[in-house]
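Asks: The listed protein sequences correspond, in order, to chains A and B.
For this note's numbering, add 16 to where a residue sits in the first sequence, where the first one is 1.
For this note's numbering, add 16 to where a residue sits in the second sequence, where the first one is 1.
Rather than coming from a laboratory, the hints here were simulated on the basis of the structure.
Predicted model, so just to flag it, every value in this text is computed and none were measured.
Since copy identity is lost for identical chains, a pair holds within one copy or between any two.
Cross-link-like lysine to any residue pairs, in silico, SDA-like; alpha carbons within 25 angstroms at most:
hint: 1; residue 1: K82; residue 2: V196
hint: 2; residue 1: K195; residue 2: G52
hint: 3; residue 1: K195; residue 2: R158
hint: 4; residue 1: K195; residue 2: S123
hint: 5; residue 1: K82; residue 2: Q145
hint: 6; residue 1: K72; residue 2: E49
hint: 7; residue 1: K195; residue 2: L149
hint: 8; residue 1: K195; residue 2: R143
hint: 9; residue 1: K72; residue 2: V87
hint: 10; residue 1: K82; residue 2: V67
hint: 11; residue 1: K82; residue 2: E40
hint: 12; residue 1: K72; residue 2: K82
hint: 13; residue 1: K82; residue 2: C136
hint: 14; residue 1: K72; residue 2: L39
hint: 15; residue 1: K82; residue 2: T92
hint: 16; residue 1: K195; residue 2: R130
hint: 17; residue 1: K82; residue 2: G63
hint: 18; residue 1: K72; residue 2: T92
hint: 19; residue 1: K72; residue 2: R41
Protein chains: 2
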Amino acid sequence: MVTSRWTAAPAPTASPRRRGAVLERAILDAALEQLGTVGWNGLTMEGVAAVAQTGKAAVYRRWPSKEDLVVEALRTGLPRLDSAPDLGGVREDLVALCRTARDAMFSRPGLALRSVIHECDQSGAERFQALILEGVVEPTVRLLHEVIARGIERGEVRSGAANGYVFDAIPAMMMYRSKVCGSEWNDPDLDEMIDQLMLPLLRPDAS
Amino acid sequence: MVTSRWTAAPAPTASPRRRGAVLERAILDAALEQLGTVGWNGLTMEGVAAVAQTGKAAVYRRWPSKEDLVVEALRTGLPRLDSAPDLGGVREDLVALCRTARDAMFSRPGLALRSVIHECDQSGAERFQALILEGVVEPTVRLLHEVIARGIERGEVRSGAANGYVFDAIPAMMMYRSKVCGSEWNDPDLDEMIDQLMLPLLRPDAS
Numbered sequence: 017m018v019t020s021r022w023t024a025a026p027a028p029t030a031s032p033r034r035r036g037a038v039l040e041r042a043i044l045d046a047a048l049e050q051l052g053t054v055g056w057n058g059l060t061m062e063g064v065a066a067v068a069q070t071g072k073a074a075v076y077r078r079w080p081s082k083e084d085l086v087v088e089a090l091r092t093g094l095p096r097l098d099s100a101p102d103l104g105g106v107r108e109d110l111v112a113l114c115r116t117a118r119d120a121m122f123s124r125p126g127l128a129l130r131s132v133i134h135e136c137d138q139s140g141a142e143r144f145q146a147l148i149l150e151g152v153v154e155p156t157v158r159l160l161h162e163v164i165a166r167g168i169e170r171g172e173v174r175s176g177a178a179n180g181y182v183f184d185a186i187p188a189m190m191m192y193r194s195k196v197c198g199s200e201w202n203d204p205d206l207d208e209m210i211d212q213l214m215l216p217l218l219r220p221d222a223s
Numbered sequence: 017m018v019t020s021r022w023t024a025a026p027a028p029t030a031s032p033r034r035r036g037a038v039l040e041r042a043i044l045d046a047a048l049e050q051l052g053t054v055g056w057n058g059l060t061m062e063g064v065a066a067v068a069q070t071g072k073a074a075v076y077r078r079w080p081s082k083e084d085l086v087v088e089a090l091r092t093g094l095p096r097l098d099s100a101p102d103l104g105g106v107r108e109d110l111v112a113l114c115r116t117a118r119d120a121m122f123s124r125p126g127l128a129l130r131s132v133i134h135e136c137d138q139s140g141a142e143r144f145q146a147l148i149l150e151g152v153v154e155p156t157v158r159l160l161h162e163v164i165a166r167g168i169e170r171g172e173v174r175s176g177a178a179n180g181y182v183f184d185a186i187p188a189m190m191m192y193r194s195k196v197c198g199s200e201w202n203d204p205d206l207d208e209m210i211d212q213l214m215l216p217l218l219r220p221d222a223s
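This is chain A alone, in the form it adopts within the complex:
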């Protein structure tokens, strides 16, 4: 029986695995690029393979469907929101946190994620909604909680302010004004939201 080089176990060197990881990243980047240019409906596995300069089979081997590919491209591409700013004051922390969230929202993967939700059919959209929830909304709420809890400890923030409505106020306002008014949330807009909405909401009660 002949063992061809195609069925033989790979030689125990680092090269094939490294090539695999690099190729994987190239495919995921190509998927983000295609979402930005031709959108969800225009994106094909062939198109992504061509941009990544590989074959269709190399794409299908890793991701059985276009949806799987796009979910991973977005999940691994979104900026990580995992450490809360700690600048000594609640205003500074909220401003810094809002800038990070805004940058994530308008990053290439953030914009791709939003366009995907608009374009793809309902069942697909639910999977992407979950991605927004787990990749953007929940981490942001966790960081807001941290920032507000520190403000309460410092006596800058009223003790009742650590509740779900307060944590949701910033994400709600950012989504709403972006969708309804087309706001791009530049720095002065974010400062204004903190000063006119969040600080009045958080200020301590009259003592």
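Using the hints, position chain B against chain A.
Replies: Same frame as chain A, but now just chain B:
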């Protein structure tokens, strides 16, 4: 020259005009019904005519396209938000206003409007976005402004609270939790939002 009864000027009685208005309403109701059952993509002028028990020509005579028909069905069907509650206190007024807005949001035309925005293509969606803005968002903000201005006069609300971020907080929260968490905004949810978000935001400064 023969003047047939089809080209003759209509007899000066109320009957033909009344029939016209009644038929028009039946067509618009049929359009809302079709949006609820087959959605934007499934809705056809023929289907609407069949439900309204009339001919396709009667529909096209009034509305040249499916989009025109649906815009008018939604515009005339949405509950009117044109008078602010005046119950003597800002909490009562806000609760009443939120219930009215929630009822509009979950009315048959309100649900149809939201499903249309999900389903139809981008250019159509913009026209429906404008409808949400003019038919729901702007009237709600006007009424909130009125309620908050009366609270300031009574000394119940801080004087700086009449600003765009405060007016947008309720619509933003309602859209956000409905989209992201699937909230249906029952009465206790609305009360909680007023108590945990709006009243702390509006309370007067320490004097």
